[in-house]
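Mind docking chain B on chain A? Use the hints.
Residue numbers (the working numbering), protein chains in the order written: chain A, 1 to 480; chain B, 1 to 241.
No false leads were slipped in.
No farther apart than 35 Å at their CA atoms in a straight line, the calculated lysine-lysine pairs in the DSBU-like style are these:
no.: 1; chain 1: A; residue 1: K205; chain 2: B; residue 2: K15
no.: 2; chain 1: A; residue 1: K208; chain 2: B; residue 2: K15
no.: 3; chain 1: A; residue 1: K453; chain 2: A; residue 2: K11
no.: 4; chain 1: B; residue 1: K198; chain 2: B; residue 2: K212
To be clear, the hints were calculated from the coordinates, so they are not data collected in a lab.
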Amino acid sequence: MDATPAAPEIKEAERQIARIPLVLNRRNFSWLTERISGVVEQPAPRWWWVAFTITASAATFGLFCLGYQISTGVGTWGNNIPVVWAWDITNLVFWIGIGHAGTLISAILFLLHQKWRTSINRSAEAMTLFAVICAAIFPGVHVGRVWMAWYLAPVPNNWAIWPNFRSALVWDVFAVSTYFTVSVLFWYTGLIPDLATLRDRATTKIRKFLFGIFACGWRGSNRNWRHYEMAYLLLAGLSTPLVLSVHSVVSFDFATSILPTWHTTIFPPYFVAGAIFGGFAMVLTLLLPARAMFKLQDVITPQHIDKMAKIILLTGSFVGYAYMMEFFLAWYSGNSYERFAFWNRVFGPYWWYWWVGMLFCNCLSPQLFWFRWCRRNVYVVYFVCMCVNAGMWFERFIIIAGGLHRDFLPSSWGLFIPTWVDIWTYIGTLGIFTSLFLLFVRFLPMIAMSEVKTAVPEADPHYATPPGIQSISPRGKERI
Amino acid sequence: MANFFPRWTNWLPLKLVICGILAVCGLTAATWYYVTPKYTRVRYEPIQPVPFPHDVHVSQLGMDCRYCHSFVDMAAHSNLPTTQTCMNCHTQVQKDNPKLEPVRVSWKTGNPVEWVQIHRTPDYVFYNHSAHVNRGISCFSCHGPVNHMPVVYHAKPHSMAWCLECHRHPENFLRPEDQVFNLDWKPDDVKPADFVAKYGQPQNAGEDLSKKKRLTQTEIGQTLKERWNIDPPTNCQGCHR
Numbered sequence: 001m002d003a004t005p006a007a008p009e010i011k012e013a014e015r016q017i018a019r020i021p022l023v024l025n026r027r028n029f030s031w032l033t034e035r036i037s038g039v040v041e042q043p044a045p046r047w048w049w050v051a052f053t054i055t056a057s058a059a060t061f062g063l064f065c066l067g068y069q070i071s072t073g074v075g076t077w078g079n080n081i082p083v084v085w086a087w088d089i090t091n092l093v094f095w096i097g098i099g100h101a102g103t104l105i106s107a108i109l110f111l112l113h114q115k116w117r118t119s120i121n122r123s124a125e126a127m128t129l130f131a132v133i134c135a136a137i138f139p140g141v142h143v144g145r146v147w148m149a150w151y152l153a154p155v156p157n158n159w160a161i162w163p164n165f166r167s168a169l170v171w172d173v174f175a176v177s178t179y180f181t182v183s184v185l186f187w188y189t190g191l192i193p194d195l196a197t198l199r200d201r202a203t204t205k206i207r208k209f210l211f212g213i214f215a216c217g218w219r220g221s222n223r224n225w226r227h228y229e230m231a232y233l234l235l236a237g238l239s240t241p242l243v244l245s246v247h248s249v250v251s252f253d254f255a256t257s258i259l260p261t262w263h264t265t266i267f268p269p270y271f272v273a274g275a276i277f278g279g280f281a282m283v284l285t286l287l288l289p290a291r292a293m294f295k296l297q298d299v300i301t302p303q304h305i306d307k308m309a310k311i312i313l314l315t316g317s318f319v320g321y322a323y324m325m326e327f328f329l330a331w332y333s334g335n336s337y338e339r340f341a342f343w344n345r346v347f348g349p350y351w352w353y354w355w356v357g358m359l360f361c362n363c364l365s366p367q368l369f370w371f372r373w374c375r376r377n378v379y380v381v382y383f384v385c386m387c388v389n390a391g392m393w394f395e396r397f398i399i400i401a402g403g404l405h406r407d408f409l410p411s412s413w414g415l416f417i418p419t420w421v422d423i424w425t426y427i428g429t430l431g432i433f434t435s436l437f438l439l440f441v442r443f444l445p446m447i448a449m450s451e452v453k454t455a456v457p458e459a460d461p462h463y464a465t466p467p468g469i470q471s472i473s474p475r476g477k478e479r480i
Numbered sequence: 001m002a003n004f005f006p007r008w009t010n011w012l013p014l015k016l017v018i019c020g021i022l023a024v025c026g027l028t029a030a031t032w033y034y035v036t037p038k039y040t041r042v043r044y045e046p047i048q049p050v051p052f053p054h055d056v057h058v059s060q061l062g063m064d065c066r067y068c069h070s071f072v073d074m075a076a077h078s079n080l081p082t083t084q085t086c087m088n089c090h091t092q093v094q095k096d097n098p099k100l101e102p103v104r105v106s107w108k109t110g111n112p113v114e115w116v117q118i119h120r121t122p123d124y125v126f127y128n129h130s131a132h133v134n135r136g137i138s139c140f141s142c143h144g145p146v147n148h149m150p151v152v153y154h155a156k157p158h159s160m161a162w163c164l165e166c167h168r169h170p171e172n173f174l175r176p177e178d179q180v181f182n183l184d185w186k187p188d189d190v191k192p193a194d195f196v197a198k199y200g201q202p203q204n205a206g207e208d209l210s211k212k213k214r215l216t217q218t219e220i221g222q223t224l225k226e227r228w229n230i231d232p233p234t235n236c237q238g239c240h241r
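Okay, chain A solo, but in the shape it has when bound (with noise of 0.2 Å):
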C-alpha cells in the first residue's frame, strides 16, 4: 500500500503488540503434517510400550475388580450404611467432570474463536470421551444387578413400569449418554479431514483400508470443507449448553435431596466451575508429557500452557469462592444441622480431606498461577495440576461421603473405610482412562492437523513469506 517505510518507534510498537505465533520456529504445513503424522506413523518409542504395559496392567486388574464386584455384590465395596454412596459416586462425579475441559476448548472456544484451542483441542476431546467411558462404569455397577441397569432407559416393556422423570438420577442417566453421543460425534467429525490425511500418506494395505473407510471418501474439496464446517459449526453450538448441562444436572443428584450440605442451589455453578478445572488439569497432565515425548513444543507452546493456567486459576477461584459462600451460608442460615454439618466437614473425622485436599490443593496451589513464572515453568505447572487432580477427587469424595457419614440419627452415624476392590477399581479406571489415550496417541493424530494450519502465518492467503526469512522445512523426517 504505502511505500514509505515506518518510523522506528511505530516499528518497535509493532514488535511490542504483535501477537505471539501459535506455532513457534515458524514451522510450515508440511512440518507440521509431518510430525504430527510421524508420531502415529514411526514404531511405537520404547516409553510408550514401558508406560502402556504399567497402564494396561491396571487397566486389566481394575476390570478383574469389577468382575468380582458384579459377580460377588456390593458387598465387596466399603459402602454401608448410612455412607450408601462412597468411592463409586465420587469417581463418577470425578471422571465426568474430566470430561467438561475437553467440550469447553473444542466448543466454546471454537464459537470464540480462540485459535489456541487448534493445538489442544484433539487431545482434550479424545480425553474427554475416555473419561465419560471411565465415569459410565461406575453409575453401571454401583446398582448392583449390573443386568438391570436397563431400566434406567425409557424401553416399553412388559412389565408396564418406566423410569421416574421426576428422578434427578434418571436426568443424569439421559445427560450424560447424550453428553457422550454429542462428544463422539464432534471428536469424529473434526478427525476426518486428519485421517483422510493418515489415509493418503499411508504404505500398507491394511491402514490404507481402515483410515480409507474412517475418512469417509474425504477429498478435500471445497465441497467436503463447507459442508464440514457447517457439521463442525452446528456440533459446536450442540456442545455448548453440555458444557454446563451435564455438571449441574450431576449435581441435581445431590441438590435435590434433602441432605445438609448436599441440598444447596449453589451446586450447579459450583460443580461446573470445579468440572472445568479438574478437567483443564487432566488436560495439562497428559499435555505437557505427551508434548515433551513427541517433541512437539513448537505446536504446544508455553503460550498455550499459559492460557490453560489462568483458566485453571479463573476456575480454582471459582471454586475457592464457592467454597467459602456455602460455609458462610451454612452460617448465616442458622440452621444448626447445616452449621454442624460444615463445621464436621473441617473438623469432624475427614478433616484432612478438606485441609489437604480442598484447602490446599484446589484453593491455594492453583493461586501460584498468578505469577507469570509460575505459568511459564512446566514442573510448577505439573505440580499444580497433580495438586488439582487430587484435590478435584477430595472435593467429592468430601461431598458425597462427607454429607453422608453424619445421619440424621446420630445412631446411625457411620465412616467409610474403603476395601481393596474399591481402591483397585478406581486404579483400574485410572488404567483405562491413560491407556486409552495412550492408544489413542500411537493410532490417530493427536493434534488437529488441519486447524493448527489454520493458526499458522501460511494459512493467511494474502501471506508471502517475507524476504530474507527461510520457512523451516526439514520435512520433519527426524526420528521422534
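Same frame as chain A, now just chain B:
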C-alpha cells in the same frame, strides 16, 4: 491418489445403515412380541391326567366355581379340589367312565391326581384371591371364559403390565359382588334403577344414572370403586412384598 475402494462401495455405508436400522427394529419388535407372556403363556393348554370339561360342569350343570375351588373367596390361594370332592358325584355319575380312571385310582390309593398347573404366579409376587373376588373382580378378568373351556387354557397374559392395567384403572373391570362367579355377566345385564338404588352413583356422574337405559362398564366400575373405596396398590411393595 488412487481409489482404494471400487465404485460400488459408494452406497455401501447407506445400505449398511438401513439394514442395521431394520435389523435393530426387527429384533426389538420380535423380542417384544415373541418373548412376552402374550406369546409365551396365552393359549398354554397342557394335557391333564383327566380332561376335566369346565364347560359341562359350569355351563350345562350350573355348578358354582366355589364348589370345587372352595377357598377362593376365603384364602389367598385358590385350591384345586380334592379327589373326594370329585367323588361326591362320581361315585354315582359316570362311575365307569374310563376317562375318570385316574380319579378312581386316586380315590383308592389316597395319592392326589397330578394336575398340571397352568396359571403360575412367581414367588416374588404376593397375590390374594380372596381380596380380589370379594371386591368385585370376577374369575373371568384373570382366567377368561373358563365356563366355556372343554379343557382349561391360559387365557390372559398375566404379565405385570397386565396386572397394572387393572390396578391403575379398576373401574374397567369391577362388577357387582354377586356377579363375580357369573362368568357370562355383561354390563347390559345390570338394571340401572336397581343398581343405583343399591350402590348409588359416582360423585361426578353429571346425570342420574338410574334414568339411563343401560349402564356402561365404566359407570358400573366407577360407582363400585367409589362405593367400596377401591384403591389398588400401584407401588412396588403392593405385590412384591
